[in-house]
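Q: If you want the building blocks of each chain, they are given just below.
Protein chains: 2
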Amino acid sequence: MYDPDEVVHLPGMSFKPNYRQWSGYLKAGAGKFFHYWFVTSQRDPLKDPLLLWLNGGPGCSSLDGFLSENGPFHVNNDGATLYENEFSWNKIANVLYLESPAGVGYSYSDDKQYATNDDQVADDNYRALQSFFLKFPNFTQNEFYIFGESYGGIYAPTLSLRVATGGALKTNFKGFAVGNGISSFALNDQSLVYFGYYHGLFGEDLWRDLNENCCDKGVCNFYNNTAEGCAIAVGQAFRIVYESGLNEYALYLDCAGGARSQGAYQRTMFHLYRNYREHWKKVQSVGGAPSLGEVPPCINSTAQMNWLNRGDVRKALHIPDILPAWDICSDEVGALYRTLYPTVKDVYEKLLALGLRALVYNGDTDMACNFLGDQWFVEQLGQKATSPYQRWLFDDQIAGFYQQFGNITFLTVKGAGHMVPQWAPGPSFHMLQSFLSNKPY
Amino acid sequence: MYDPDEVVHLPGMSFKPNYRQWSGYLKAGAGKFFHYWFVTSQRDPLKDPLLLWLNGGPGCSSLDGFLSENGPFHVNNDGATLYENEFSWNKIANVLYLESPAGVGYSYSDDKQYATNDDQVADDNYRALQSFFLKFPNFTQNEFYIFGESYGGIYAPTLSLRVATGGALKTNFKGFAVGNGISSFALNDQSLVYFGYYHGLFGEDLWRDLNENCCDKGVCNFYNNTAEGCAIAVGQAFRIVYESGLNEYALYLDCAGGARSQGAYQRTMFHLYRNYREHWKKVQSVGGAPSLGEVPPCINSTAQMNWLNRGDVRKALHIPDILPAWDICSDEVGALYRTLYPTVKDVYEKLLALGLRALVYNGDTDMACNFLGDQWFVEQLGQKATSPYQRWLFDDQIAGFYQQFGNITFLTVKGAGHMVPQWAPGPSFHMLQSFLSNKPY
Chain A
1 MYDPDEVVHL
11 PGMSFKPNYR
21 QWSGYLKAGA
31 GKFFHYWFVT
41 SQRDPLKDPL
51 LLWLNGGPGC
61 SSLDGFLSEN
71 GPFHVNNDGA
81 TLYENEFSWN
91 KIANVLYLES
101 PAGVGYSYSD
111 DKQYATNDDQ
121 VADDNYRALQ
131 SFFLKFPNFT
141 QNEFYIFGES
151 YGGIYAPTLS
161 LRVATGGALK
171 TNFKGFAVGN
181 GISSFALNDQ
191 SLVYFGYYHG
201 LFGEDLWRDL
211 NENCCDKGVC
221 NFYNNTAEGC
231 AIAVGQAFRI
241 VYESGLNEYA
251 LYLDCAGGAR
261 SQGAYQRTMF
271 HLYRNYREHW
281 KKVQSVGGAP
291 SLGEVPPCIN
301 STAQMNWLNR
311 GDVRKALHIP
321 DILPAWDICS
331 DEVGALYRTL
341 YPTVKDVYEK
351 LLALGLRALV
361 YNGDTDMACN
371 FLGDQWFVEQ
381 LGQKATSPYQ
391 RWLFDDQIAG
401 FYQQFGNITF
411 LTVKGAGHMV
421 PQWAPGPSFH
431 MLQSFLSNKP
441 Y
Chain B
1 MYDPDEVVHL
11 PGMSFKPNYR
21 QWSGYLKAGA
31 GKFFHYWFVT
41 SQRDPLKDPL
51 LLWLNGGPGC
61 SSLDGFLSEN
71 GPFHVNNDGA
81 TLYENEFSWN
91 KIANVLYLES
101 PAGVGYSYSD
111 DKQYATNDDQ
121 VADDNYRALQ
131 SFFLKFPNFT
141 QNEFYIFGES
151 YGGIYAPTLS
161 LRVATGGALK
171 TNFKGFAVGN
181 GISSFALNDQ
191 SLVYFGYYHG
201 LFGEDLWRDL
211 NENCCDKGVC
221 NFYNNTAEGC
231 AIAVGQAFRI
241 VYESGLNEYA
251 LYLDCAGGAR
261 SQGAYQRTMF
271 HLYRNYREHW
281 KKVQSVGGAP
291 SLGEVPPCIN
301 STAQMNWLNR
311 GDVRKALHIP
321 DILPAWDICS
331 DEVGALYRTL
341 YPTVKDVYEK
351 LLALGLRALV
361 YNGDTDMACN
371 FLGDQWFVEQ
381 LGQKATSPYQ
391 RWLFDDQIAG
401 FYQQFGNITF
411 LTVKGAGHMV
421 PQWAPGPSFH
431 MLQSFLSNKP
441 Y
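Just so you know, the sequences run in chain order A and B. Heads up: the first sequence begins at 1 in the working numbering, then just goes up one per residue. Heads up: the second sequence begins at 1 in the working numbering, then just goes up one per residue.
Please note that the accuracy of each hint is not assured.
Stated by the list, open to error - In silico EDC-like pairs for lysine to aspartate or glutamate, Cα to Cα no more than 20 Å straight-line:
id, chain 1, residue 1, chain 2, residue 2
1, A, K170, A, D123
2, A, K27, A, D3
3, B, K384, A, D209
4, B, K174, B, D312
5, A, K384, B, E204
6, A, K27, A, D119
7, B, K384, A, D205
8, B, K384, A, E204
9, A, K27, A, D111
10, B, K217, A, E212
11, B, K16, B, D312
12, A, K174, A, D327
13, A, K384, B, D209
14, B, K350, B, D119
15, A, K174, A, E143
16, A, K27, A, D5
17, A, K170, A, E143
18, A, K217, B, E212
19, A, K350, A, D118
20, A, K217, B, D312
21, B, K27, B, D5
22, B, K315, B, D3
23, B, K345, A, E204
24, B, K217, A, D216
25, A, K439, A, E143
26, A, K16, A, D346
27, B, K112, B, D123
28, A, K345, B, E204
29, A, K27, A, E6
30, A, K16, A, D44
31, A, K174, A, D3
32, A, K384, B, D205
33, A, K27, A, D123
34, A, K350, A, D123
35, A, K135, A, D3
36, B, K315, B, E6
It should be emphasised that the hints constitute simulated quantities derived from the structure, not laboratory data.
Looking at chain A on its own, in the form it has when it is part of the complex (with noise of 0.2 Å):
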């Protein structure tokens, strides 16, 4: 165990955790060193695997996932206690958040050069590991899962593929999980328009248009279409999903600070619908350019990032002075990013190929990384069915449906949207047991 980052004490903290935890840097390449925020299992840190958690963006903090999503505990209103989760997921494993990459919430680089792309990201990530195992050492014989959401869709899976063919880094590597990730561009933006349509959120004229102009003999291409009037449909219905005041990261939750206070282009979804960037001069007559609004839009992270910014949390966290305040997610890495991957589909063949076990989740009701899509993605990686479709139960209720693939799984939350521990945590803490424990849903 690495001393000089142990948290020994937290401001707002009132109950006494049975675990330990580190907070502190792991290098991620020459100059680039990366906040890792490390809670030892509640149960039995020596034998209970070690599970890395990635929040996605690209740009956002993994530190919203310990804060608001799976972490031991969670920021009250007042931005200054904290209260303990009792889904967290520490109560079963060894978790290490890590903000990734460089320029993203305490992450930072020395030269403050924050443009990067998923092979950079998964390089940077393989070395912020390494770097972790140095400093962790008693941590390598666990059995290790990599977990990613959303943009971590892209990753999870980019950083496993080193992780189980790199040479330097001996792990106990088992699998990884995705959690409403983006795992093809063009299933993501092909099946929200069935999604929009089929949740009520576009009319039978609107409807018309997009089949009338996207699709040819029953057949529809709402994602590159280089119909100028399919562009200009699937523009309408992208405006209605992420632009109408719709919290686009849970259909039926509220948007906080309302309906009218949002109602921009995001810069988050820049990586969602980029082709159709391309086609938004053609779009102008029905809407003009996207302007820029709050990131991520409809979700209110004013608490956690109160108690994140004070500087006795800082201090205790052992963030240098000198760094910038704490964002959820960084602008900047978000503009610079660079997307190389516009499917995984072969990053999941070759780790499925390697015998690993892979989850792929979605709370049902996300439209940033709609459960369809990646329901196709998984159907379309050809590993034979394993099981039927079926429900899934949690305190005797029907918590979702989710079908076997051999070694990799496609479940379904039902109810819960973008960030399915925050708002799922009962059913996502015991999706999380059954995948580590490779056993029934």
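Start from chain A and add chain B according to the hints.
A: Quick look at chain B alone, frame taken from chain A:
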């Protein structure tokens, strides 16, 4: 005002109402007596509109509408005390709750013969209305609207046509509204299959089966397809929706009693997918004949049932001692009921031709009468669209979407289930206000 029926005291009521209420019986035919409960408006009873509220089933009681949905007070979980409903519809309207037909709730007929059908119910309701206006002649001049929910999708327009064209009854009839109504059995069943797949309830295998067996050149018939393979696939789909333990009335709400306590084909569903009953023999191989369960499934009505069955409550409501206990739905009425209208398209067309106003609204997470079937129904009326399909707001949040087609509006309530005023009280009240005042939503 009819004095003997006035409700002057109610057990469990600790607040003083600023409205008057009556409970008693309306004559609906020879020896047929429908129980009504009438509450005046909290605003201006003389000028405010009069609204008739009908729950569906067939066989379910409109007192569920009163005590769980839009009435001035609801029953606490103790089954003994009452609390005020902030969004009661009688804040702006005089509301008449009618238990219909005979055999439902506290309504009865002397001969206890409870077989009936759509036309008979409309005739009986029409006579009950005449009986109401005889007791309450003061309300003849108020604007009058008929609201129906669920199977009330048949009751409301068929009764409206009698009111609009009948001779004896003189009212200031303005229009009708239908909430999550059954408007066309074909469209309801057809749309439900799409709804299920695009909400993540079916896997790709079943979706492929459905498409391969029920569709030809992209045109699908999931409703009364005679192909055996299609009947089997649709049967599987409907079993997942209605029998797997999901709350069919509100997909994202829990099923009261748990998913395992329910799982039987429900009698309330007889009238929804009756075409498939004929195919049950064929599909024995994949599931067996359905059995009966709780009606309505997943809904907990214990509190209101306990309260309504108290001796002192019955007495306060002027219920004869000889009547049996009140139940939320009558299995007998449901089982003996004969549907005559596979669609109420003609009825709507006649009503719209008479210049009446109509509102078809749907909580968009209901699967008993899903929004898409009603959206298609309204569009197929062929009225010219007079507004785009657009969002509407409540409390600065998107509360749903709507489109105007001349005198008829189709409107969704986002995230609400079958019982819209129960699960989205604020938005429903706003909707009611806009509809009654004929203003934008």
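Q: I'd like to know which numbered hints this structure contradicts. Please list them from smallest to largest.
A: Numbers 4, 12, 20, 26 and 31 - these are the hints that the structure violates, sorted from lowest upward.
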